[in-house]
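Novice: Single-letter residue listing:
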Amino acid sequence: MPTVRSYDQLREDVRSRDRSLREKVVSLEEAAGLVNDGDGVGLGGSTLSRTPLAMIWQLIRSGRKDLKLYRSIASSESELLLAAGVSRYILTSWFSQGIIWGVSKVMRHYTENKLAVFEEWSHMGVGMRFRAGAMGVPYLPMRTMLGSNLTNRLEDIEESTCPFTDEKLLLVPALNPDVALIHVQRCDAFGNAQLDGLSFMDIDLAMAADKVILTTEQVVSNEQIRRRPDQTKIPFFTVDAVVEVPFGCAPHECYGVYEPFFDHLDWYAKQIKADPVEGARRYIDEFIHAPKDWNEYLSKLGTAEIVDAARRGRSIYDL
Amino acid sequence: MPTVRSYDQLREDVRSRDRSLREKVVSLEEAAGLVNDGDGVGLGGSTLSRTPLAMIWQLIRSGRKDLKLYRSIASSESELLLAAGVSRYILTSWFSQGIIWGVSKVMRHYTENKLAVFEEWSHMGVGMRFRAGAMGVPYLPMRTMLGSNLTNRLEDIEESTCPFTDEKLLLVPALNPDVALIHVQRCDAFGNAQLDGLSFMDIDLAMAADKVILTTEQVVSNEQIRRRPDQTKIPFFTVDAVVEVPFGCAPHECYGVYEPFFDHLDWYAKQIKADPVEGARRYIDEFIHAPKDWNEYLSKLGTAEIVDAARRGRSIYDL
Amino acid sequence: MTSERNYTATELLSVVAGRLLKDGQVVFAGVGVPLFAATLAQRTHAPSLTILFEGGTIGAFVEPGKLPPSTNEQRCTHRANMLLSATDVLLLLQRGYVDIGFMGGAQIDMYGNLNSSYIGDPDEPRTRLPGTGGGNDISSLANMIVATRHEKRRFVEKVDFITSPGFLDGGDTRRGSGLLAGGMYRVVTDLGIMGFDSHSKRMKILSLHPGVTAEEVQDNTGFELLVDDNVQVTDPPQESELNVLRELDPDRMYTA
Amino acid sequence: MTSERNYTATELLSVVAGRLLKDGQVVFAGVGVPLFAATLAQRTHAPSLTILFEGGTIGAFVEPGKLPPSTNEQRCTHRANMLLSATDVLLLLQRGYVDIGFMGGAQIDMYGNLNSSYIGDPDEPRTRLPGTGGGNDISSLANMIVATRHEKRRFVEKVDFITSPGFLDGGDTRRGSGLLAGGMYRVVTDLGIMGFDSHSKRMKILSLHPGVTAEEVQDNTGFELLVDDNVQVTDPPQESELNVLRELDPDRMYTA
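Chains as they are written, first to last, in the numbering used here: chain P, 1 to 319; chain A, 1 to 319; chain L, 1 to 256; chain B, 1 to 256.
No lab work stands behind these hints: they were computed from the structure. Check the hints yourself; a few may be wrong.
Calculated lysine to aspartate or glutamate pairs in the DMTMM-like style (CA-CA distance at most 25 Å, straight line) [as the list claims (entries may be wrong)]:
| no. | chain 1 | residue 1 | chain 2 | residue 2 |
| --- | --- | --- | --- | --- |
| 1 | P | K273 | B | E124 |
| 2 | B | K22 | A | D18 |
| 3 | L | K152 | L | E224 |
| 4 | L | K152 | L | D190 |
| 5 | B | K158 | B | E224 |
| 6 | A | K168 | P | D230 |
| 7 | A | K168 | A | E158 |
| 8 | P | K168 | A | E12 |
| 9 | A | K233 | P | D230 |
| 10 | A | K168 | L | D251 |
| 11 | L | K66 | A | E223 |
| 12 | B | K22 | B | D235 |
| 13 | P | K114 | P | D39 |
| 14 | B | K66 | P | D308 |
| 15 | B | K66 | P | D266 |
| 16 | L | K152 | L | E124 |
| 17 | B | K22 | A | D13 |
| 18 | B | K152 | B | D228 |
| 19 | A | K168 | P | E158 |
| 20 | A | K273 | L | D251 |
| 21 | L | K204 | L | D235 |
Derived Cβ-Cβ restraints for the label pairs, each shown as a range [said to hold, decoys possible]:
| no. | chain 1 | residue 1 | chain 2 | residue 2 | range |
| --- | --- | --- | --- | --- | --- |
| 22 | P | D8 | L | G120 | 35 to 43 Å |
| 23 | L | K66 | A | K270 | 18 to 26 Å |
| 24 | P | L154 | B | N6 | 46 to 54 Å |
| 25 | P | R228 | A | P163 | 54 to 62 Å |
| 26 | A | D308 | P | D166 | 39 to 47 Å |
Simulated coverage check for chain A against chain B, where a stretch passes if three residues somewhere in it have a Cβ under 8 Å from a Cβ of chain B [claimed, not checked]:
| no. | region |
| --- | --- |
| 27 | 20 to 27 |
| 28 | 41 to 51 |
| 29 | 62 to 69 |
| 30 | 218 to 230 |
Quick reminder that beta carbons are idealized off the backbone N, C-alpha and C, glycines included.
The following block holds chain P by itself, in its conformation from the complex (with noise of 0.2 Å):
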């Protein structure tokens, strides 16, 4: 398959997509029923925040399996669906447990052992592809990742001479996820969102991909996204699910509402750290499979934990 979509099928898969003003909210269930095995899936936030930590729960549970991952930024949520076999492959700049727990026992074992593919790109590179794929053009031009071994290992890139200056520069192909995974903080039932805080590659990832599953900590009224225009950031025509799901970041942050959970992931960092498979494997059981439902999994986080990240996220807007 060609790295880049011709121009004629990216506007025949935008066509053919329902963009009329509509309601969609769904269930973590039915919004996973949106994902295909084999889909190229961009998840929204970076490192720890804003992670669609509910949609990649709700797709490990439902047994997805071979989606490419794209992400700015990855940590243990790739982890997870590494170690839950639903993906082998991963489009990432950086992928970390995060920088207190170090470069991630997890990705270490599936690459060196050749049991998935981390491909590397520089985090511009990551964000110049979804955004060519946001504004309908094969590529854009940049001035990073030449004279690196970043490119050697990359087929769908191209060095350029610009014609107005002569000078070297780096083509960098569009990126159209098949489905982008974002959470916000608000958005209405048709799906205009609106993001606080740090907004990563998101607004791009939405515009870029075929489809946009939206988890929100809140469905809130369509009055209420009116009022205020300029905030909204996802223009619904865009979206295909909404979900309402609090806290469905955790463990990890939503900008605003919670920090993250730092004692839940530092006790994490210890089962993977202790043994990177079998860890993970048995945290999946635990946390992923054995709940009966999303609240269920946030019971098991504990009630202490929930508190103090939601006293920790509020407390940015305390000035």
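Starting from the structure of chain P, add chains A, L and B where the hints point.
Specialist: Structure of chains A, L and B alone, referenced to chain P:
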């Protein structure tokens, strides 16, 4: 001069700017001193919206010459700059007095008599040029203007074959104005600017320009800015001067603060219709040169119109 | 044209253009007829249609009596779903999210090319027009509806300047120029509805308004029109449709 | 190294790196030493210095005891001047608004190339490291300060993989690759401060920390270091500097 600056030159031009966190509130007169005869000047806003009219008013009073104007869509502000002899060149996509008053008769007089150049790019073409300038790349690829006659009259444009898809693309060159004039609802003394409502091309314009002069309805404390950093749209280090000018877009509008002064604009349009050249000159004498300061100019617009425009402006938030 | 009709030309254009829109579509509209047409469609057969404005507004709702002076002022944004930068709203077209764009122009030719830049030789123009705005972008990327008065000076053999591309020289020339999407869909005038032949891309009469003949349309056109084998007669504007328009523009500032 | 010193290696690196920053600069910083260095500079000689974080934060202010876990969480943004998307904050580098970037890596070579991708053959790596993140972008576009422990296994003749470009093969090779801006500025370690020869672009000792000899530095380096004709002795960290650091990290989570 080549269309696109070399990257070496672009970087040197930024490097030499004072980007420190420093207060930069000045008067209109002082800010006008930052604009040199012959400069390429990007005008913020669009049509009748958030036009940096106070700064334009001051540039006319200060007798600037040979400015090259760049604006997404041009309206009466550009008529005044032509008629006052400040500029003989405008790059824009549309030059009208506004839909309800029809084509700009001042523009017609100056262009049809070859007294001024109106260089026409498509609206997205202008946008892509500012965006390339903002991104630090020499060009961006796009899919419009192809096939039309617009490209015939432009030298600084390249048709190109996409190395990924073999599709035809148009490459449009970066536009980095010498100075950008932008009006905002509020900013702090450092130049951290928050915009409400429609942003047009102002954010790209600010990032692209070598120098930014902000006029603002209100200078607010840095503390207020820091309360919602996700509302800041222009970073202080791109800004060279901040001028507090209430009603600084009059008789155009400032989103959420005042709508256009329709009666005044109707009256202006009548003067222009009767005699584009003399009408504009008389208007410039009476409304730009004669008043002793901006407040006296406002008083000539009349209290009733100011109050009415403000009432209509605020009504946008009445939901 | 019938003399007993109880609607203005603008109202006729708005009603006929509005009927061409389908529910669920995303429509790029300017002020005047396009906005009336799209709003009328929203309030009749297409409630989930979305209106975009070039100034950056997504999901506009026009309030009766508060029509915006252009698509770049705050009135456009009242109760909108989202605001974008002008560049980003145009990029929605390039990404393919927009189905239909509305367009006008001082001249249109048999291939639907539009001129809003120069009357006469562009080097020595008789009239310098306002220029493309987003017109070139919209007509390069979306399916276009042109709504305009039907006049010979407007419907010309060859436009003096192609500001907004239709089918260029017909046949496959539009595609050959690199314009892979969009193209002219319909031309709606006070006389009829025109489409374009699928091969030659020449303008073709599809429907005649009540009381209008094909000859009358041809007489008001500066090039030879094709005529569809199965020409329809346009249903006249209904009272209910006209009522919506008159509610939107009670002072008849735009619909007169 | 002196044994009587009253500061940790991290504190030493932070102080020395902080002194390299100039007032008014715009600095791209990660967590750990870079953030300590930049914040220390802000609170001492460079009050109008601006800190950017890769996650999208402009003008960060670090609060004592509330250090962010990475540059992508909300703690980074508390009392910031502005937030941008991750892509747009990286584009600030490309536009040229950023003076200095901080960088680390598992390996660095004599030309300042950094490896944070693979130890061993990239096709059969002994260790797959976390990767570049924004490191490649920052080192392609800004002047770089590397702050790291001085260990032979880290300072290698040739990195296994160039994740973040220094001067590539030295001389003009960086420029020849298309990287027209930025480049290695300083390498700060627990032993000294290194710069790069203006012609060959080889790493060169500029300053030795108190009690450290050039031989000691060479012994801990896997390639031949140049030595500046005029090598300095680093001023030891001052009490006032250490106090700032200890106030920022009272639990010594990061400075220990």
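Novice: All hints are to be evaluated individually against the structure, with a verdict given for each.
Specialist: Verification of the supplied hints:
With a C-alpha separation of about 22 Å, the suggested pair P:K273 and B:E124 falls inside the 25 Å cut-off, and the hint holds. Restraint check for B:K22 and A:D18: the C-alpha separation of about 12 Å stays at or below 25 Å, so the hint holds. A C-alpha spacing of about 11 Å is found between L:K152 and L:E224, which places the hinted pair at or below 25 Å, so the restraint holds. Restraint check for L:K152 and L:D190: the C-alpha separation of about 13 Å stays at or below 25 Å, so the hint holds.
Among the hinted pairs, B:K158 with B:E224 is consistent with the structure: their alpha-carbon atoms are about 12 Å apart, no more than 25 Å. Restraint check: the Cα-Cα separation between A:K168 and P:D230 comes to about 35 Å, which exceeds 25 Å; the hinted pair is violated. Proposed proximity of A:K168 and A:E158 is supported: the alpha carbons are some 10 Å apart, at most 25 Å. Distance check on the hinted pair: P:K168 and A:E12 sit about 18 Å apart at the alpha-carbon level, within 25 Å; holds.
Distance check on the hinted pair: A:K233 and P:D230 sit about 12 Å apart at the alpha-carbon level, within 25 Å; holds. For the proposed pair A:K168 and L:D251, the alpha carbon gap of about 48 Å is over 25 Å, so the pair is violated. The straight-line distance between the Cα atoms of L:K66 and A:E223 is roughly 37 Å, outside the 25 Å bound, and the hint therefore fails. Using a Cα cut-off of 25 Å, the hinted pair B:K22 and B:D235 holds, with the two alpha carbons roughly 17 Å apart.
The hinted pair formed by P:K114 and P:D39 meets the criterion: a straight-line CA distance of about 21 Å does not exceed 25 Å. Restraint check for B:K66 and P:D308: satisfied, since their Cα atoms lie roughly 15 Å apart, inside the 25 Å limit. The hinted pair formed by B:K66 and P:D266 meets the criterion: a straight-line CA distance of about 17 Å does not exceed 25 Å. Simply put, L:K152 and L:E124 have alpha-carbon atoms about 23 Å apart, close enough for the 25 Å limit, and the pair holds.
Between the alpha carbons of B:K22 and A:D13 the distance comes to roughly 19 Å, so the proposed pair stays at or under 25 Å and holds. Restraint check: the Cα-Cα separation between B:K152 and B:D228 comes to about 20 Å, which is no more than 25 Å; the hinted pair holds. Between A:K168 and P:E158, the direct Cα distance comes to roughly 17 Å. Compliance with the 25 Å bound is thereby established for this hinted pair. Proposed proximity of A:K273 and L:D251 is supported: the alpha carbons are some 24 Å apart, at most 25 Å.
Between L:K204 and L:D235 the alpha-carbon distance is near 19 Å, which keeps this suggested pair within the 25 Å criterion. For P:D8 and L:G120, the hinted distance range of 35 to 43 Å is satisfied, since their beta carbons lie about 38 Å from each other. A hinted range of 18 to 26 Å holds for the C-beta pair L:K66 and A:K270, which are about 24 Å apart. Here the CB-CB span from P:L154 to B:N6 is close to 48 Å, well matched to the stated 46 to 54 Å.
In this structure, P:R228 and A:P163 break the distance hint of 54 to 62 Å, their C-beta atoms being roughly 42 Å apart. For the pair A:D308 and P:D166, the beta carbons lie near 56 Å from each other, so the given range of 39 to 47 Å is not met. With 3 residues bearing a CB less than 8 Å from a CB of chain B, the region 20 to 27 of chain A meets the requirement of three and the coverage assertion stands. Only when three residues or more bring their CB closer than 8 Å to a CB of chain B does the claim for the region 41 to 51 of chain A stand; here the count is 0, and the claim is violated.
With 0 residues bearing a CB less than 8 Å from a CB of chain B, the region 62 to 69 of chain A misses the requirement of three and the coverage assertion fails. With 5 residues bearing a CB less than 8 Å from a CB of chain B, the region 218 to 230 of chain A meets the requirement of three and the coverage assertion stands.
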